[in-house]
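Student: Residue numbers (the numbering used here), protein chains in the order written: chain A, 1 to 269; chain B, 270 to 522; chain C, 523 to 870.
Treat the hints as calculated values from the structure; they're not laboratory data. Beta carbons: idealized from backbone N, C-alpha and C, even for Gly. Check the hints yourself; a few may be wrong.
[Stated by the list, open to error] Cut-off 27 Å, straight-line C-alpha distance, at most; resulting in silico cross-link-like pairs (BS3-like, lysine-lysine):
| # | chain 1 | residue 1 | chain 2 | residue 2 |
| --- | --- | --- | --- | --- |
| 1 | A | K236 | C | K863 |
| 2 | A | K19 | B | K402 |
| 3 | B | K402 | A | K26 |
| 4 | A | K149 | C | K551 |
[Stated by the list, open to error] Here are some chain A residues the structure puts well away from chain C; computed CB gaps all over 12 Å:
| # | residue |
| --- | --- |
| 5 | K26 |
| 6 | I31 |
| 7 | M147 |
| 8 | G228 |
| 9 | K236 |
| 10 | F238 |
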Amino acid sequence: MSTLKNSLYHLRLLDDLGKHNSFIHKVHPLIKLITTVFYLAVVISFERYDVSGLLPLIFYPMFIFLLGELPITPILKRLLIVAPLIIGIGIMNPLFDNSKVLIGNIYISRGWITFLSILIKCGLTVTASILLVATTGINRIAEALRMLKVPKIFVLQLLLTYRYFSVLIEEVSIMIRAYSLRAPGQKGIHRSVWGSFTGILIIRTFDRAQRVYQSMNLRGFRGEYINGYNSKITFKDFLYLMMWCFFFTIVRIYNIPLIIDRIFTGVIN
Amino acid sequence: MGNNKLIIKKLHFTYPGEHIAIKDISFVISEGESVGIIGANGAGKSTLLMLIMGILFPNTGEVLVDNRSINKKNLSKIRQQLGMVFQNPDDQLFMTSVYEDVAFGPRNYGLDEVEVENRVEKALAMVGISHLKDRSPFKLSGGEKRSAAIASVLSMEPEVLIMDEPTSALDPKSRRKLIQLLNRFKHTKIITSHDLDMVLDTCKRTIVIKGGRIVADGNTKEILTNDELLDNCGLEVPLSLQNCPVCGTKKEI
Amino acid sequence: MHMADALISPIVGGTMLATSGGITAYSIKKVQNVIDEKKIPLMGVMGAFVFAAQMINFSIPGTGSSGHLGGGMLLAILLGPHAGFLTMASILLIQALFFGDGGLLAYGCNVFNLGFYTCFLAYPYIYKWFTRKGINSKKIFVASLISSVIGLQLGSLSVVIETLLSGKTELPFGTFFLLMQPIHLAIGIVEGLVTAAVVTFIWKYRPEILERTAKGKALASTTISKVIIALLVAVVIVGGFFSWFASSSPDGLEWSMEKTAGTSELETSSEIHEILANVQSRTAFLPDYDFKTNGENEEQDMKSEDKWPSVNSGTTTSGIVGGLLTIVLIGATGYIINLIKRRRRKIS
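Chain A extracted, bound-state conformation (with noise of 0.2 Å):
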């Protein structure tokens, strides 16, 4: 129920995010996709021990909510939600992996190592991928993804889905209220009506589903999926690009705070 419930809420929210009107929000889905995708692949590409060279990454997501203008609080909350996940393998690394390294003074597992740069990996690809979305909205999104060729009816079946999963999480919610209130102190559905509970559901989206198709095609719908015209990439969304693949280029080839922490023990000595 509360997984419902948070679920419902969080896409609501992104769904309000997307339509803000932030500098962010104005660059082009397009660029703003494959900026995410650069970014996504320069992260996951750094090495496994490599912990330094990750955190200039960090002023990209710093910079989107800045200026995108996004609650920090409910986005990281869903990374919450995500991360155990990812730590219940990284855990692992520092069991398997217990050769020390010697870090200034200080012997350290270099499995703690490498959980630490899986751990800020899981950081910085999950936020990226939730601020394309609060920053684009799902509208947008299906706009580049017309632009990159994606076929029209896999673009409109995601419409879709995203649409219809408000109004099913709805109907799952009333469901299941019903059935705990004849059933107190269950710990879910019980095992005799699996069956027909999802079943009645899988019936009814059925027939909405027939429903939903013969509204479609009272309004000329044959099968194609027609979008609006796509927005042009301007000059502007282009340099927004530009700027962050050098940024993002420069950060993979040198590992900067290395280079400051050199330069910066240097002036001590």
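Use these hints to put chains B and C onto chain A, whose structure you have.
Tutor: Chains B and C in isolation, oriented as in the chain A frame:
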């Protein structure tokens, strides 16, 4: 009254493996007329609408729009003339924003994007929800959803507006607004409903269906005050026409 | 389970994206040619259904715990393999984008692990085989259970292989395998039982839903084997291309390289050294920049190469101060941006 817009000729329809749903239904609707179709649950109202819209095809009989019989060939053209608003707006608002939804029909008919935008703005203004253009359907109230669903049909500039239970699940204020809205439209209208007060307010003519047959067809006020007829069809006299429950005074019609 | 971006390497992610992209394109073509347009809204709404149904808790008898549905097998049974696969793909895309479940780069892996095995192996070869001579509730039960379990076992095996090839974790193959497969056996059994119950219910009350799908031409075995061969070829080519492309920079493959040769990441490191050497030679007032070694640059490169096998300690060791400074720098920039924004708002 103008010329005959819609002619229904001796329709018969049976669902596969089930009882006969529509038996020998014939009527004519002239341009600009507004007609209420009433009847109990399962009387055949929805089936009749689906036959008119060409979602279902009759076993025998035909539907003529502007004297052209509906067939699979001219279906898409005729559907441009007939706009149907579904009972549940969630079935009709399948896109992710109000604008996209209202633009869906015009785009399918190959209009260019400037004209599409024109049509959308016009349709939204007609139902008074221009400010909701970028909203997601799940962010709308019941009444707003209904208006958006109507706009999604109006943007195709139909000549006949067909509505299935337009007031279901609306609160009193939204219902009142909808009735005013419907009365402003100059379209030919066909409205099915159990909300007989609404039918009384919006339709001059009423057709009563029972068991797939027409049992009455005539002036709304006459039909809706015919106690015996309505009772026979699983309906009752609309509240606004019933005698005062407190003092028993007769209503004036 | 979903693969996450953080656990894969660009090569694995890229290869799987290309592979799943290929299967998706193939499925779309099939759906467009074979299935009527009625299926399009059905796929969309069913996607939303699976999404919501994944959150229903089914109590597992005798354990006190509860499980839930993945839905891959159910989609294949109700919609047929191609439409089922596409539906799964769109669910996973929404999960990746909106919920951070999986990720954009791991998207290909997830579509493959959760969609391909159920729709293109378990459904046509197991489910269909059991139900080839008509259906009854017993056949539905066996077919759903076995196909769900096998579909999930293959999927989790994929997760193991993809994770290990990506080399982000230290888990040995055997351990990871022994960890994943039994867990997914349990998950698969629950999935199979729920799927069987649901399919039986629908078969009893709305048999035409199942018949419609079953009638849709069964996959001719030649086409599917062709597809699989084409896929394998594609994987090898794409994977090979990416590896070749990436081998000039030391990502991804470093895993195997390091295991075999004991050296990796030499290039980036030495690159940095070179740069730093340049920096140093230009700015002679910075005498040395490493904790341990003093001396000539070349000598240092040699030395660092010697100690490399243990770990890239040059990078990790000295990064601490710089790392902290970087974070402070980012924080400060953020603060300044915020300040400017606030001032602007005040003015306007």
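Student: If a hint holds in the structure, say so; if it doesn't, say that too.
Tutor: We went through each hint and held it up to the structure:
1. K236/A to K863/C: holds, 20 Å
2. K19/A to K402/B: Holds, at about 12 Å.
3. K402/B to K26/A: Status holds; Cα separation ~18 Å.
4. K149/A to K551/C: holds, 14 Å
5. K26: holds, 16 Å
6. I31: holds, 15 Å
7. M147: Correct as stated: the minimum Cβ-Cβ distance to chain C is 16 Å, above 12 Å.
8. G228: holds, 19 Å
9. K236: Correct as stated: the minimum Cβ-Cβ distance to chain C is 19 Å, above 12 Å.
10. F238: holds, 21 Å
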